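Undergrad: First residue of the sequence shown: 1, per the numbering used here; consecutive thereafter.
Honestly, the hints are just simulated from the structure, not real lab data.
Watch out, some of these pointers could steer you wrong.
As the list claims (entries may be wrong) - Now the in silico label distances, taken between C-beta atoms and shown as ranges:
| no. | residue 1 | residue 2 | range |
| --- | --- | --- | --- |
| 1 | G141 | G52 | 37 to 47 Å |
| 2 | D258 | G131 | 32 to 42 Å |
| 3 | Q267 | D91 | 48 to 58 Å |
Just so it is clear, the structure is predicted and the values come from calculations on it, not from any experiment.
The beta carbon of each residue, even a glycine, is placed where N, CA and C say it ideally should be.
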Amino acid sequence: MPYRGRFAPSPTGPLHFGSLVAALGSWLRARASNGAWIVRIEDIDPPRERPGASAAILRSLHAHGLVPDEPVVYQSDRHALYQEALQALIDSGDAFHCACTRSDLAPSGIHNGACRRHATRGAWRMRVPDGEWAFHDACIGDFFQDSASVGDFVIWRADGLPAYQLAVVVDDDAQAISEVVRGADLLDSTPRQIHLQRRLGLPTPAYLHLPIVVDAHGRKLSKSLASAPIDEQAPMPALRRALDFLGQPTHPGIGNVDRLLSAAIAQFDVAAIPHDDGSALPPASPIDAPSGTT
Numbered sequence: 001m002p003y004r005g006r007f008a009p010s011p012t013g014p015l016h017f018g019s020l021v022a023a024l025g026s027w028l029r030a031r032a033s034n035g036a037w038i039v040r041i042e043d044i045d046p047p048r049e050r051p052g053a054s055a056a057i058l059r060s061l062h063a064h065g066l067v068p069d070e071p072v073v074y075q076s077d078r079h080a081l082y083q084e085a086l087q088a089l090i091d092s093g094d095a096f097h098c099a100c101t102r103s104d105l106a107p108s109g110i111h112n113g114a115c116r117r118h119a120t121r122g123a124w125r126m127r128v129p130d131g132e133w134a135f136h137d138a139c140i141g142d143f144f145q146d147s148a149s150v151g152d153f154v155i156w157r158a159d160g161l162p163a164y165q166l167a168v169v170v171d172d173d174a175q176a177i178s179e180v181v182r183g184a185d186l187l188d189s190t191p192r193q194i195h196l197q198r199r200l201g202l203p204t205p206a207y208l209h210l211p212i213v214v215d216a217h218g219r220k221l222s223k224s225l226a227s228a229p230i231d232e233q234a235p236m237p238a239l240r241r242a243l244d245f246l247g248q249p250t251h252p253g254i255g256n257v258d259r260l261l262s263a264a265i266a267q268f269d270v271a272a273i274p275h276d277d278g279s280a281l282p283p284a285s286p287i288d289a290p291s292g293t294t
């Protein structure tokens, strides 16, 4: 199977340094594997999106030499695919209606299955069996999660929008993604996505989770924190910083973006990427979709 990787930002703001690290890491992995690199704009949460953000993100990627190999895909154009997957899970008995509010789930935010049989409206949740989930990450190694720490999770929101966990699984399959390279803040979500893949009869890609860029207070850089966008007019400093953050040579003698990226491909070493299991960050909420880059 040919290598196919992807970068999947949410259009909630301009590309910042943390997003550049994720984009560059996934791009280098694809190029070093002689594969294709795809960009998917995850624009299925209109209340959080900012006008013009998608175009700004794509412009910044191009300025830093990160050009996708195929036309950009927008999740907002793909609702029929998500609805088909939802219906399959309803038909199999894996999905059920849930009208629980945040206060009903407090303080843990974890759904305990109490409304599985009687709710007839609200969000759709995925039925989660008790047990341990495990998968192997190409950077971090073996990762284990007790499914009870997640509970039944939302796959279709009460406002009629597909939830992140379902949409990302459907799209990774539709685009034949062979390996998902993204930040370790999403490591906690990966077992849920693998569970969805298995219940939908979809193949499971490989996974590689990159270390997370944090600010001086230990908080993940994100659009929600209004992290400063990177400078499109001077891409070399940010590219070198991103390479250094990923444990790769920075090639200080090279002064051209294309030559720098070519040298980075030739010396790309997954084993040199720092390990980060995301444990220093708050876990992804069982209620809400993670934000940022998926």
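Undergrad: Could you run down the list of hints and mark each one as holding or not?
TA: A quick look at each hint next to the structure:
no. : hint                       : verdict
1   : G141 with G52: 37 to 47 Å  : 40 Å, holds
2   : D258 with G131: 32 to 42 Å : 49 Å, violated
3   : Q267 with D91: 48 to 58 Å  : 50 Å, holds
Checked against the numbered hints above, the structure breaks only hint 2 and satisfies the rest.
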